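Undergrad: Taking the hints into account, I'd like the entire structure generated from these sequences.
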Amino acid sequence: MIEVQHLTKYYGRHPGILDVSFGAEKGEILGFLGPNGAGKTTAMRILTCYLPPSSGMAKVAGYDVLDQSLEVRRRIGYLPENVPLYHDLSVSGYLGFVARLKGMQGRSRRARIEKVVEECGLAEVRNRIIGKLSKGYRQRVGLAQALVNDPDVLILDEPTVGLDPRQIIEIRELIRNLAGRRTVILSTHILPEASLLCNRVIIINKGKLVTVDTPDNLKNRLQRGMTVEITVRGDREAIRGVLETVTGVSSVTDTSAPSAGTCAFRVEAREGFDVREPAAQAVVTNGFGLLELAPVDMSLEDIFVELVTQEDIN
Amino acid sequence: MSRMIAIYLRELGYLFNSIIAYIVMMIFTLLAGYFFYNLLAFFNLASIQMMQNPLAAGELSLTEGVLQPLFGNMSIVLLLTMPMLTMRLLSEERKLGTAELLFTCPISDWDAILGKYFAAATVLATMLVLTFVFPWLLSRYAAVEWGAVTSGYLGLLFLGMAYLAMGLFFSSITENQIVAGILSFGFSLLFLIIGWINPFVSEGLSRVIAQVSILEHFGSFSAGIIDTNDIVYYFCFSLFFLFLCSRVLESNRWRG
Ligand SMILES: Nc1ncnc2c1ncn2[C@@H]1O[C@H](COP(=O)(O)OP(=O)(O)OP(=O)(O)O)[C@@H](O)[C@H]1O
Ligand SMILES: [Mg+2]
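Chains A and B supply the protein sequences, listed in that same order. The letter at position 187 of the first sequence is residue 187 when you use my numbering, and the numbering goes up by one with no holes. The letter at position 212 of the second sequence is residue 212 when you use my numbering, and the numbering goes up by one with no holes.
Treat the hints with care, as some may be off.
[As the list claims (entries may be wrong)] Not close to chain A: a few residues of chain B, all C-beta gaps over 10 angstroms, as computed: (1) Ile5; (2) Asn53; (3) Asn73; (4) Leu79; (5) Ala99; (6) Glu145; (7) Leu192; (8) Ser202; (9) Ile225; (10) Leu239.
[Said to hold, decoys possible] To give a feel for the contact side, a few chain B residues facing chain A, derived at Cβ under 8 angstroms: (11) Ala6; (12) Leu101; (13) Ile107; (14) Arg253.
Honestly, the hints are just simulated from the structure, not real lab data. The structure presented is a predicted model; accordingly, all values stated were derived computationally and were not measured. Here a beta-carbon is modelled for each residue, glycine too, at the ideal position from N, C-alpha and C.
TA: Printed below as a string of structure tokens:
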């Protein structure tokens, strides 16, 4: 559905993105991850024909973004980072205008607007003026606008920014439901969001592609040994001494204790060792009170930081 | 076509829902009314004096004494008001980020350009129609040459549309409305008074300048003469700037 090869975009002499290649299949949700200024928005603007690439090729649904821009634009729905709203229009007036721009007519247009208004939870504000809506509702109007032509490809630049937690869950749910028939590309800073929603994640940094993989694979690739978090009642140094003698433990670091008289550690194990049981036993047999013990999954957050710093070192 | 109409209606809706269209129309009719009153008062005075001199009285005509200078003055007011209509048309889309919506929708640049252009032209036509009241008032007390009135208004419409095209172009090159407004005002004025230099340049050059001068081509309209040469001039003038505008939009797509 989407094919990108050696895509490069220079702003003057400064590269926005540099030699990025990836692809997306129909029905896939692809996540763009990267710190500020990584080039996520730039890549999306090229895919939506808003900006031309300096070199390289990008195809959407088999059409080239430069040579067949109109065909590409017919098939996409785009939610830009700064939601493009006309503040003097009502929600339904605005959606009607966008639907007309996208060439929808008559009854099918009205039916479709009805549908996206429902889907995006805009029913109760449909006649309100957009300039008077809250940030979250504006974001929803932006999403509704992207969906109004029932596009094959949805490109969403930070779709959940500025929403309250309940709305974030709703919008994520919505995006998940949208996929299947469509290809969705979304960018985000929120890593759990990417691991929750996306089939594959593209990590970019400073315009360059760092890696493309499924969220699970990324975790497996980087997580070498097990990490356990443990909270114990007793003397910090004594407990640390005990934990360090447990076989398989490679390091013990202090973390902030939840309450006075207790202490917490982050215990990392060498590859192939499960240290949960021996650690618990060691604590208990030495007379300390074991309050909590839990393995820590490496979060995408850690992966992200790790990959990006690795990249920076190289 | 339907996309162009969508943009046209949206733009017209904006102009009339916001206060812009009303302010522009109010200022225009107010100033036109003021000029009309002054010209008429002066004409009155002149005709009373002429009564003592029957020889000169024959020279006096309503068209030359009132209507022609009125159209001339209105053309200056158009110069002041047209940039107000056009300065935000494209620059604001860029500033607000709605350009990112507009130009990622499957519309052609010409849909956007013509939709916006005709919306502004509709406001222009409306305010010209409002000033019909002046020749109508005249016609109740004297014989008005309707041919001259028609050609005068046609001239004003063409002139205004030329200003609008130029203003739309300047609105496409910047995201700052004020810059767009000042540029279109300055260049409109320049095209209007460019003929003033004619006595001081070579004959060849002065003929060229006369050809590009907006005022030169307006003169015959207000005198009641509809010349295809002038119509072609205004048409080409507008088309030229609309075309430049489409080049700018196109180049945004290529250069980024
Ligand atoms: N119009 C522009 N002109 C010049 N440089 C630009 C322009 N847009 C972006 N850049 C630069 O290109 C780089 C990538 O920007 P981009 O907006 O694509 O990042 P991003 O990943 O979307 O960041 P964020 O997470 O903050 O939205 C940045 O260094 C930015 O300064
Ligand atoms: Mg961005």
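Undergrad: Please flag the earlier hints that this structure goes against, numbers listed from lowest up.
TA: Violated hints (numbers, rising): 1, 5; every other hint is consistent with the structure.
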